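Protein chains: 4
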Amino acid sequence: MNYDAVFDKWHEECGVFGIYDRHLDVARYTYWGLFALQHRGQESAGIAVTNGDDIELAKNMGLLTEAIKELPKLKGHIATGHVRYSTTGSNSPRNIQPLVIHYQDGHMGVAHNGNLTNALAIRRQLEDDGSVFQTTMDSEVIVNLIARSKAATIEDRIVEAVNKIEGAYSIVINTTNALIGIRDPHGYRPLCLGKTEHGYVLASETCALDVIKAEFIRHIEPGEMVIINDEGVRSRIYAPVEKIEKKLCVFEYIYFARSDSNIDGQSVYETRLNMGRELARETKYDADIVMSIPDSGTTAALGYARESGIPFAEGLIKNRYSGRTFIKPNQEERELAVRMKLNAVPEVVAGKRIVLIDDSIVRGTTSGLIVKMLKEAGAKEVYMCISSPAIEYSCHYGIDTSVRKELIAATHTVEQIREYIKADKLHYLTQEGLCRAITNLESHEMCFACFDGDYAVAVPEEQEEGVKYVLE
Amino acid sequence: MNYDAVFDKWHEECGVFGIYDRHLDVARYTYWGLFALQHRGQESAGIAVTNGDDIELAKNMGLLTEAIKELPKLKGHIATGHVRYSTTGSNSPRNIQPLVIHYQDGHMGVAHNGNLTNALAIRRQLEDDGSVFQTTMDSEVIVNLIARSKAATIEDRIVEAVNKIEGAYSIVINTTNALIGIRDPHGYRPLCLGKTEHGYVLASETCALDVIKAEFIRHIEPGEMVIINDEGVRSRIYAPVEKIEKKLCVFEYIYFARSDSNIDGQSVYETRLNMGRELARETKYDADIVMSIPDSGTTAALGYARESGIPFAEGLIKNRYSGRTFIKPNQEERELAVRMKLNAVPEVVAGKRIVLIDDSIVRGTTSGLIVKMLKEAGAKEVYMCISSPAIEYSCHYGIDTSVRKELIAATHTVEQIREYIKADKLHYLTQEGLCRAITNLESHEMCFACFDGDYAVAVPEEQEEGVKYVLE
Amino acid sequence: MNYDAVFDKWHEECGVFGIYDRHLDVARYTYWGLFALQHRGQESAGIAVTNGDDIELAKNMGLLTEAIKELPKLKGHIATGHVRYSTTGSNSPRNIQPLVIHYQDGHMGVAHNGNLTNALAIRRQLEDDGSVFQTTMDSEVIVNLIARSKAATIEDRIVEAVNKIEGAYSIVINTTNALIGIRDPHGYRPLCLGKTEHGYVLASETCALDVIKAEFIRHIEPGEMVIINDEGVRSRIYAPVEKIEKKLCVFEYIYFARSDSNIDGQSVYETRLNMGRELARETKYDADIVMSIPDSGTTAALGYARESGIPFAEGLIKNRYSGRTFIKPNQEERELAVRMKLNAVPEVVAGKRIVLIDDSIVRGTTSGLIVKMLKEAGAKEVYMCISSPAIEYSCHYGIDTSVRKELIAATHTVEQIREYIKADKLHYLTQEGLCRAITNLESHEMCFACFDGDYAVAVPEEQEEGVKYVLE
Amino acid sequence: MNYDAVFDKWHEECGVFGIYDRHLDVARYTYWGLFALQHRGQESAGIAVTNGDDIELAKNMGLLTEAIKELPKLKGHIATGHVRYSTTGSNSPRNIQPLVIHYQDGHMGVAHNGNLTNALAIRRQLEDDGSVFQTTMDSEVIVNLIARSKAATIEDRIVEAVNKIEGAYSIVINTTNALIGIRDPHGYRPLCLGKTEHGYVLASETCALDVIKAEFIRHIEPGEMVIINDEGVRSRIYAPVEKIEKKLCVFEYIYFARSDSNIDGQSVYETRLNMGRELARETKYDADIVMSIPDSGTTAALGYARESGIPFAEGLIKNRYSGRTFIKPNQEERELAVRMKLNAVPEVVAGKRIVLIDDSIVRGTTSGLIVKMLKEAGAKEVYMCISSPAIEYSCHYGIDTSVRKELIAATHTVEQIREYIKADKLHYLTQEGLCRAITNLESHEMCFACFDGDYAVAVPEEQEEGVKYVLE
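Quick mapping for you: the protein sequence lines, in order, are chains C, D, S and P.
When we follow the UniProt record's numbering, the leftmost residue of the first sequence carries the number 1, and every step to the right adds one.
When we follow the UniProt record's numbering, the leftmost residue of the second sequence carries the number 1, and every step to the right adds one.
When we follow the UniProt record's numbering, the leftmost residue of the third sequence carries the number 1, and every step to the right adds one.
When we follow the UniProt record's numbering, the leftmost residue of the fourth sequence carries the number 1, and every step to the right adds one.
None of these hints come from the bench; they were simulated from the model.
Note that the structure is predicted; figures quoted are calculated from it, not measured.
Hints are not guaranteed to be accurate.
Some but not every residue of chain D turned toward chain S, in silico, with C-beta under 10 Å [claimed, not checked]:
id, residue
1, LEU71
2, VAL100
3, ILE101
For each residue, glycine too, the CB sits at the ideal point set by N, CA and C.
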């Protein structure tokens, strides 16, 4: 996760995709799949394709459509792809995934989504054994573990390697003769399996299956590895049973995933609708309209509207052409930066008591500016409703820990936050309400650590102190 | 207007912006203003700034944020800006606006939105008199008319020039000492006036005033010219009274303008909401949900939902990261191209009778693919409602006339179109319903020519035959 | 002409090329021709191709190979091309030649080499008559004159136009059905005619004929216009006889032209060899070796060596990979800048009395640094010999007049210059010696104005005062 | 070495540079040093700078001035730099040097010039031990060896590593606290040491010292390692005495090095002059002029002229603005490709018996086209003299072995080559003559393997069969 100051949001770091098909142009299909996963990372994109003998890599900084201007020339039948949202300090061209390496058994392309908590310790140990590192990616730690393994088969070597790492990881690998998908024992990050006419697909979200009309088969289980080759798909629970304990990151439902995706059997769209309904039940605000901060709060706002009977309206219009690089407003023009992305519709908001739905508040600054914008457009009252509990703890499975001190909820009460953003009311969805919204998973199957600080995986001390543990 | 094959939409060609302010960095403000007008044109962008002595131009192909990487170095107090959506054949770098020229009275930057119907005739006449042309822009015709005028003042010369041209035009000009705004006698294209603390702003839409927090003053009248200089704003009705007859392009409300803008006293958002309401009244469909094809049909869909009581839902999710250039799907992958932009949410649509709102149908191919997508996601029935009458005629004030033969409504009945797109029902908003939705303008104040073929400005014969009259 | 501070040289502004051939890919041939003329201009390049109906233009900043990455798509049979060395203030993308315009008789591509002395006056007059200008190029003045002419044929219109302009110009024009070449009545800039198997070629220098194996026919005469079309080549003396007076720029022989070219019947290589011989006769220095500052002084150095019997040696080695844009040394690192381009060979120069040949001295700074470099490498004495007379006057036919105050010879005696550059001896070739070196032209057929201030074309007063007369 | 088809030449692969200085902007100095070494490689350039804590790398494809647009931001006191001429198949962006890695002792930047003959064997062995490779560079093999070493100090680890590799290598390394230079036991590739005011410099050639005015100290010896840190320079003979046997690549004198450099105590310029003298003594041709194919044959041609008394002339003019990427002539336009680079001066060559000097013939095609060009320009007879013996064997220390079958001298007698290139006479400098020209080295101190097939380092069988052993 990373933080977008203008929209006051955390962002997921990555999306992964893999395909094994001898009848398709796998590079093209990976491209379409990554296109559908672009919301999971916009900093860089890469595609690796192998035909068993050679492996070719196309990668660059930027959106997929900027990064990949021509598809890898090498025709093959196994491809992996990756889109990345960089964490601070890791946005170097050399850190673009997939990572392609040559080792004793041939070559390998590795793309992963997540964050290892013991990467630094393993890296140091590998260095002590004579490994060299050219990047700061966790993937490089993983491939070194694989290459160092003395196990007999590549499959066993991978198993040996991933059993040494801890943290959040959904990994796709193309070896010389197989496509492999791995999900960590907690299943923090999603990974699903689909079927093409003559082959198989792995993807972070089901929306990437839909775009290429692959048939959804199932979600990969926590601690599971799937091996796809000419003989079909084979599954293997690689992790010791006692270590498997599902802890899907609940932010996939709140914000990260695309709402047309289904994560672990649960429709993201329905979940967000339910969150809105729960918010309505918890607040019972008397208001004239329900609105969202587009686009992420819209589905929850519809849920609130349906449950409460208060009409939904679009009182904030988003500029669809924001572009990625532009001449930045000065620091003092923070308000301008918000107006460049959003504008209030006076005809909608003037004189109204507004229920305003957003999915989260990180620092609060942007929320405050939006409340101000609505008031200036004539809003009578603004009741801010957040479709998640307050974020009080930082995430160790994919976020720069230095952000914690900026989390407004870590240091302010709800009432203090309400005052800071100058809303007339403020309500965060309760953790219970959130759990009710997610109908197909038990509450113990999800990670709520950013709300309650209950980390399933022990965090190294240095991280607790807020020390960045990536090398760069 | 131009046509987007994937979304089956016409596009507006341009947005203009102008500012006169001795206390602001006018280039930066023009940049922010154009940012808000980006929806009116994404092919190129340009900014011209003058300090009275020199004029500097920054322009390039692409989105504003790609085209303008650094703001013009020349500091000045008068700027004009332009974003363009190219018509076929005019997408040459040399046609990027504003056009900057030197002539006997100094220099001039000209940006215009619209299309002249007698441009070719005037161009030929000017050539007969020895003018040379380096571009195919109408702006070049206008500046040559100005330069040729024998009138005493620059203001009178401009008046003489614009009284010779016919068609649709909203023009902003920075001369050496003034910012000038002109709207054609029919007022086809919008233009509004705003106020900064120490100066004035002109813009195609009010959303460009909002982004820089300029105070909205009023809309420029058809046939009006405003002259802004150190003495303030002066207005002049330049056109003969008998020629002034307001004919605002109704597509500004239906599709072109941003919904947070106000065009000629009418809120775009409210108009779209009303269109949906009118559609509900005209159809009275019995259905389970109301949906839109995002983003343009959403407000009308909300209106339909409110009027009918049928719940609004987001059954189609749009990919927010489409990028501008990408590896194109093959021709046969037309369906893939649609899936790259839209995806159905099965949980929302399965088993449902759906009212699907869109703002227009041009060729029908995309509509058919979207209906198919919904049916494949389980929709029981799809009732397509279009928030505008059927487009049966081409537009002569800003569109490539060659498109006419592709207009499905020009050659098919509504029933035939319904069959073609395989919808279960199909309804177009009636022209009367559309007029009712626009509460602040009389029906004779708008142009409906693309629906009824009633062109206020006579069209040269060669155009009627579908001959492109731009040179290039 | 323009000035290169590191090499202390003036540069020619342009090279032109034209071809008429219905059997060749004229765009490709123009590309090769311009490639051979690259030494005449490295700032921008352009190629215009017409098939009679349409005209296509490819142009950009940079060396030909950077500027033209793909050849114009339009296939045609008439092409013009241009390479430019920008004068200060004119290096804008919009000033890249050829200039392509549309006018009453069709279209036209115009490329020209030289500088008009009455451009500003004509421009003002044209503006008074209602012309507008988008560039600051002289070409735009010329095409406006052509378009304004009331003469019956395009040929007569061109004649009427060029009879109004004064100064230096060699022009190539592709009209809709002809390739036209024009040389000014003084013939300041060269222009030659060649033959392909089925057509004809025009070029600034014969080396551009050689590269495409075109057969050299003859040089265009001062005041002559050649018209090439399907009927072959036709010649016309367009200028009044009393105005024709050959005044070829003598710097073409000294420095501008490539030594494998033949200018007006005189081999450039032989001329430079002769200059060296004349220098040897005039100086009779007793020395150990003769050297040049590569590459421009080398041929003259060989001439000096042959005449004097003193051996020629390469005591300064030039870096062949200087590149065009690089991280500039600081101002104080001027010496470094010279060392980046040249290095002395101690084994050659140590202990030697050196005759060092260069073609000119503009400011003297670089000459001084080179003398210093040789002394530091052990040279005993350095006798600087310049293969041209001292440049005391600025050039009005293609140079930024502001340079005059920097001309060291305009303000210093030869002895003072020698002291400034710290050479042990310094000799400039006499004007008589220079004339002897050019065996095929009479001295009155050449312009020596930069040596003696005798300008054949009257210079407008404002220019004499050093006022730049280009608009930009 | 690599092959340039147009100029029929082999090229050196690399140039290296290193600097240790706490008082200079080492990145800038590395930039200037590489600028002077650009002739050794034009495909890519890179600079790594360390301050002991961090290491920063700037690298890209292209000439130095294109590749490095801004110098590394990290200020430090130790830098290494590299320019590369790619061998076929290795021109991937990921293979640009220096290679920067992190390992147990910190970080390291490594740049090397040469080619290992046992790289593949070591690579396989390292892979068996669990190393992974991301590039196909020999440098990556070396750093893995260093990281794997169990020696106590970084210095000892490097020694252990380089004692395992075989072939040609001159290496510069910046560790966290030292700059290290290493030359292989045969000293195939040059490396020299210079002094700045407060530090030291290492470079492939002395011309890189000259550009930054570093004082030349001495050449690094075969089998020597120098360690530069705050305590100064320390030297260590790392290779076993019995393995040290100087075998400098004689092509450094013939063609690779810049003529203003001094390699192992021998002036390159003087050597080339001597080669020409030897050629004159060996041939004693009766001719009218001596010419070279510029630029590489010029110095030898001067030597021939001096020895023989036949005047030197420039009969072939080289286009100085060839650019690196351009629209390629078709295959059938091979002759055009040569004319784009060279043109004959008829006034020099017509009617003459010409001694034409070049440094080598690889395939002979270009030589034949140049002889043809001279004959067409009127040359009476062309006596081709090559300033090196015939290249009959491929080089294993830095060349794509697949070239061997294209070496004309490997399959043709001298007389057959003469016929093929249509010269009237043809003479190759004898190996004895070449040795006489190199006055300061014994013949056994140089490698003549490409002439006589006598390889000092055993070549793996797979290479003998012409199998490329780089992975990619």
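Hint numbers not upheld by this structure, sorted from lowest to highest: Those not satisfied come down to hint 1.
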